[in-house]
Amino acid sequence: MTSRDADRPLLVAEGVSKWYGRQLGCRDVSFALHPGEVIAVVGESGSGKTTLLQLVASQLEPTSGRVLYCMRDGVTRDLASLGEAQRRFLNRTDWGYVHQDPACGLRMTVSAGANVGERLMALGERHYGRIRAAAGDWLGRVEIDQGRIDDAPLTYSGGMRQRLQIARNLVTRPRLVFMDEPTGGLDVSVQARLLDLLRGLVAELSLAAVIVTHDLAVARLLSHRTMVMKNGEVVEIGLTDQVLEDPREAYTQLLVSSILPP
Amino acid sequence: MPTVLELNGVSKTFTMHLQGGLRLPVVSGVAFAAAPGECVVLAGPSGAGKSSILKMIFGTYRCDAGQILVHRDDGAIDVAAAEPRQILALRRHCLGYVSQFLRAVPRVAAIDVVAEPLVAAGTSRESARQQAADLLTRLNIPQRLWPLPPATFSGGEQQRVNIARGFLSDLPILLLDEPTASLDAGNRAVVVDLVAEKKRRGTAVVAIVHDDDVRSAIADRLVDVTRFTAAA
Numbered sequence: 000m001t002s003r004d005a006d007r008p009l010l011v012a013e014g015v016s017k018w019y020g021r022q023l024g025c026r027d028v029s030f031a032l033h034p035g036e037v038i039a040v041v042g043e044s045g046s047g048k049t050t051l052l053q054l055v056a057s058q059l060e061p062t063s064g065r066v067l068y069c070m071r072d073g074v075t076r077d078l079a080s081l082g083e084a085q086r087r088f089l090n091r092t093d094w095g096y097v098h099q100d101p102a103c104g105l106r107m108t109v110s111a112g113a114n115v116g117e118r119l120m121a122l123g124e125r126h127y128g129r130i131r132a133a134a135g136d137w138l139g140r141v142e143i144d145q146g147r148i149d150d151a152p153l154t155y156s157g158g159m160r161q162r163l164q165i166a167r168n169l170v171t172r173p174r175l176v177f178m179d180e181p182t183g184g185l186d187v188s189v190q191a192r193l194l195d196l197l198r199g200l201v202a203e204l205s206l207a208a209v210i211v212t213h214d215l216a217v218a219r220l221l222s223h224r225t226m227v228m229k230n231g232e233v234v235e236i237g238l239t240d241q242v243l244e245d246p247r248e249a250y251t252q253l254l255v256s257s258i259l260p261p
Numbered sequence: 000m001p002t003v004l005e006l007n008g009v010s011k012t013f014t015m016h017l018q019g020g021l022r023l024p025v026v027s028g029v030a031f032a033a034a035p036g037e038c039v040v041l042a043g044p045s046g047a048g049k050s051s052i053l054k055m056i057f058g059t060y061r062c063d064a065g066q067i068l069v070h071r072d073d074g075a076i077d078v079a080a081a082e083p084r085q086i087l088a089l090r091r092h093c094l095g096y097v098s099q100f101l102r103a104v105p106r107v108a109a110i111d112v113v114a115e116p117l118v119a120a121g122t123s124r125e126s127a128r129q130q131a132a133d134l135l136t137r138l139n140i141p142q143r144l145w146p147l148p149p150a151t152f153s154g155g156e157q158q159r160v161n162i163a164r165g166f167l168s169d170l171p172i173l174l175l176d177e178p179t180a181s182l183d184a185g186n187r188a189v190v191v192d193l194v195a196e197k198k199r200r201g202t203a204v205v206a207i208v209h210d211d212d213v214r215s216a217i218a219d220r221l222v223d224v225t226r227f228t229a230a231a
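Chains H and X, in that order, give the protein sequences.
Residue numbers for the first sequence follow numbering that gives the first Met the number 0, so the first one is 0 and each next one is one higher.
Residue numbers for the second sequence follow numbering that gives the first Met the number 0, so the first one is 0 and each next one is one higher.
Treat the hints as calculated values from the structure; they're not laboratory data.
Hints are not guaranteed to be accurate.
FRET-style restraints, in silico, Cβ to Cβ [claimed, not checked]: (1) H:LEU204 with X:GLN85: 19 to 29 Å; (2) X:GLY201 with H:THR62: 53 to 63 Å; (3) X:GLY8 with H:ASN230: 32 to 42 Å.
Model, not experiment: these values are computed from the prediction.
Beta carbons: idealized from backbone N, C-alpha and C, even for Gly.
Please build the complete structure, drawing on both the sequences and the hints.
What follows is the structure, encoded as structure tokens:
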């Protein structure tokens with residue numbers, strides 16, 4: 000990657016708003032995400048975090064505003080203008096989407112190996128041995144015993160399922176991963192392991208990521224920048240250590256002061 | 000003498016919205032500069048705003064007014080007005096910081112905690128680890144601790160891991176917030192040597208040190224922070 004590519008944003012949200020009828024999802028959100036950059040979106044339930052994630056991941060259509068993405072050919076395009084084939088390409092290869100509930104992102108009754116291999120097959124890989132080797136390699140990288148490759152995720156623990164979902168997403172070497180509360184619903188000890196794993200993978204693969212979380216520790220550990228949302232609007236955005244150590248807005252101060260010391 | 004770091008009219012006030020908008024002035028009109036190879040020690044009692052000044056230089060605290068200029072070959076960057084991406088790039092290539100306490104990262108080995116900034120700046124992991132090992136050895140961290148996460152280390156051991164992490168990269172500016180506070184005499188002497196080496200290599204050091212011996216050993220100049228302490 001040349002430095003010029005790194006200077007150009009990968010994803011740009013411009014004045015993005017979403018109304019569900021008369022109910023506000025989020026209003027006038029703008030930000031730019033560069034290659035290899037991780038941004039956390041924090042705020043309480045109902046603040047519009049997940050709506051925003053779905054808008055920038057092209058899963059929802061904005062009521063107004065637009066989302067631009069720099070595709071692998073180097074051309075930045077408005078996501079709304081993409082054809083079905085381009086959108087499918089993004090979803091299957093260049094993007095990952097990690098759901099809070101792994102059951103939403105996995106096929107629970109097929110083997111772990113097939114779950115990971117499926118995205119490679121979508122890219123046209125047909126060689127069974129190579130697919131299985133890549134799946135085994137990725138299970139290892141997310142610390143799943145390769146002896147479990149033929150077991151369905153139904154037989155996995157919650158933490159293993161989440162790690163499998165991550166492997167399934169990363170096997171195609173995406174440049175951007177969307178994560179919706181990736182550690183939600185996991186035990187604290189399992190959370191720590193997952194966070195550490197994510198931290199290592201994000202750095203090693205130079206992944207850009209948008210991570211929605213209500214947990215400021217997740218933001219602190221994983222993100223470069225943090226965006227604070229309340230009632231559908233961005234109240235504060237900045238360097239993560241700055242937002243957490245020198246919060247400017249009343250709501251951010253409330254969030255930060257509500258953390259229990261370990 | 001050329002300066003590499005220059006503060007002009009720097010001010011900071013905290014507004015505590017949860018305390019009815021209480022305003023806490025910290026410092027105002029902070030002005031000093033540091034040249035390559037020079038160690039400037041910020042002096043003043045606890046609460047004078049010394050750590051806040053270091054945090055503003057590093058970009059962790061916002062700066063309400065004034066300029067914090069980092070001079071580089073390709074021009075100056077004002078940390079007080081810089082974009083987050085510029086600050087992150089400055090931290091990789093210009094600004095080192097040894098905080099008062101090590102922020103422990105779960106499950107990461109001490110040697111990788113130390114090596115990480117070098118790896119992030121582009122050094123190979125193998126080479127970064129070798130340099131980290133050399134520095135941990137100098138700071139008397141026993142080799143058996145290297146593969147362990149520092150969360151369970153003693154206060155002094157954690158501080159030395161933190162020092163190693165901050166000193167490993169050769170950056171033009173190094174900020175030190177009480178690096179010797181929890182160290183014994185032997186390790187304090189090691190830190191004094193390390194600072195002297197940095198100065199010889201042209202690093203500008205801005206330090207907070209309460210220990211008189213360490214201060215007199217490293218300081219080229221004292222900046223009395225009480226001059227800038229904002230009236231409450």
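Quick one: are GLY201 (chain X) and THR62 (chain H) within 53 to 63 Å, going by C-beta? 56 Å, holds
Regarding GLY8 (chain X) and ASN230 (chain H), is the given constraint of 32 to 42 Å on their beta-carbon distance met? Between GLY8 (chain X) and ASN230 (chain H), where Cβ atoms are some 37 Å apart, the hint holds.
Outcome for the supplied range 19 to 29 Å, where the beta carbon pair is LEU204 (chain H) and GLN85 (chain X): Distance hint for LEU204 (chain H), GLN85 (chain X) holds at roughly 24 Å.
Against the hints set out earlier in the document, no violation occurs for any number.
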